[in-house]
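Number of protein chains: 2
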Amino acid sequence: MNFTINKSEVVFHGKVFDVQIDEIKYNGSGNTVPRQVAVHPGGAVSVPVKPDGKIVMVTQFRYPFKEVLLELPAGKLDKGEDPQICASRELTEETGYTAQKISRLGKIFTSPGFCSEVLHIYLAEDLIPGRHAREEGEEGMEVVELSLEDIDEKIKNGKIVDAKTICGITMYRLNTERRR
Amino acid sequence: MNFTINKSEVVFHGKVFDVQIDEIKYNGSGNTVPRQVAVHPGGAVSVPVKPDGKIVMVTQFRYPFKEVLLELPAGKLDKGEDPQICASRELTEETGYTAQKISRLGKIFTSPGFCSEVLHIYLAEDLIPGRHAREEGEEGMEVVELSLEDIDEKIKNGKIVDAKTICGITMYRLNTERRR
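Top line first, the protein sequences correspond to chains Z and S. Using my numbering, read the first sequence as starting at 1 and increasing by one per residue. Using my numbering, read the second sequence as starting at 1 and increasing by one per residue.
All the pointers check out, no bait thrown in.
Here are the computed lysine-lysine pairs in the DSSO-like style, where the Cα-Cα straight-line distance is at most 30 Å:
#, chain 1, residue 1, chain 2, residue 2
1, S, Lys107, Z, Lys50
2, Z, Lys107, S, Lys54
3, Z, Lys66, S, Lys107
4, Z, Lys156, S, Lys154
5, Z, Lys7, S, Lys76
6, Z, Lys50, Z, Lys159
7, Z, Lys25, S, Lys15
8, Z, Lys107, Z, Lys54
9, Z, Lys54, S, Lys156
10, S, Lys107, S, Lys159
11, Z, Lys79, S, Lys15
12, Z, Lys159, S, Lys79
13, S, Lys15, S, Lys107
14, S, Lys156, S, Lys76
15, Z, Lys101, S, Lys154
16, S, Lys101, S, Lys50
17, S, Lys54, Z, Lys154
18, S, Lys107, Z, Lys54
19, S, Lys66, Z, Lys107
20, S, Lys25, Z, Lys66
21, Z, Lys107, Z, Lys159
22, Z, Lys156, Z, Lys107
23, S, Lys25, Z, Lys79
24, S, Lys66, S, Lys159
25, S, Lys76, Z, Lys25
26, S, Lys101, Z, Lys154
27, Z, Lys50, Z, Lys107
28, S, Lys159, Z, Lys159
29, Z, Lys7, Z, Lys76
If you're looking for bench data, these hints aren't it; they were derived computationally from the structure. In this text the structure is predicted, and so the values were computed from the model without any measurement.
Sequences are here, hints too, so could you generate the full structure?
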C-alpha cells in the first residue's frame, strides 16, 4: 500500500452495517482523500443440492427494493461465528433441511468498491428434511426446489437477479463440472 | 405490501452511498420496526468480448479490502445517466476500448438485504482499441485479457471473487449459449 491511514472513524452504527470514514494520505503525491466504507459482518450462503440434482431455494422479501426475490439460503454471520456453521444454521432455519455433508466452494465480495461484505459459499448435500424455524410470516418466505436448467432460464430472463445466488450456482457448476 | 412506511430519513449523505432509515409498521401485527438501507445510485458493467473470445478485464484496488481485484469494467451511474451509456463510458475510460456493438444481458442486485445497488450488465462487442483515459496511477489499474477457460479457473481457485464479474460472465455464457 502506498498510502497511510491518517484517521478512521465510525460515523454510523447500524443494525446490519456501519459506516466508517477513513482519511488516507498518498505517500507519493501527498494528497489526502476520504474513503467511506459500509462495514458489514459478512455472511454465508449454501447451495443445497438434492439427490435428483434440484437446488433448494427460498423467496425473500427485500426491503431496499420492496420486492420478493428468489435466492439461495443465506444469512449474516453472528459475531465470531464460523461461516460453515452459519451456512448450515441458515439452511435449516430457512428451509428446514439439515445438511449431513457441507463443503466450501469459495467466497465472493458483493460490492467491493464501497462495502466490506464477504459471503462464504458452501455446497450442502445429503439433506434431511425437517420443519423450518422461520414461520411463513407476513413476508411470505417460501421454499422452492428448482433444476439447474430452470435456474439458468430464470437468470437469463431476469427472474433471478440476486448476485450471491448467481455466483453460488456458478461456483457449484464449476466445482462439480456439471454442465447442461 | 402489508406494511406502511411511517417515516423515512437520510441520516448519512455519502460520496458513494447514503444511509436511509425508515420506520415501518406492519398492518397485521401493528409492530413498528426500523429498516436501514444503504442507498446507492447503481451502476453498469460490461462484458467486453474480443473476436477470439477473450474477455477484457481490469485490475482494481478496492479500499474496503486493501486488495487488488480482477474485475469486469464497471462504474457508477452519473445522475440521470442511461446505464448503457455508462457501461460504454466506463469501458473506454478503464480499458481504452470502444464498443461498436453493445447489448443488454440483464441486471443484478449486489446485496439486496440492505443495499439498493442495481448493476446493469451489457455485452460489449466489435471493440476498437484506444488509449484509456485513466492513467495507471498509484493504484495500478491494468488491462488483462483472458479466455473463458482461464476465467472459470480463476473463479474456481478464488482468484476472481468480485460478484458482478462472476455474474456478468455467467450471464454472458447463458445468453450466448457458449460452453467450454
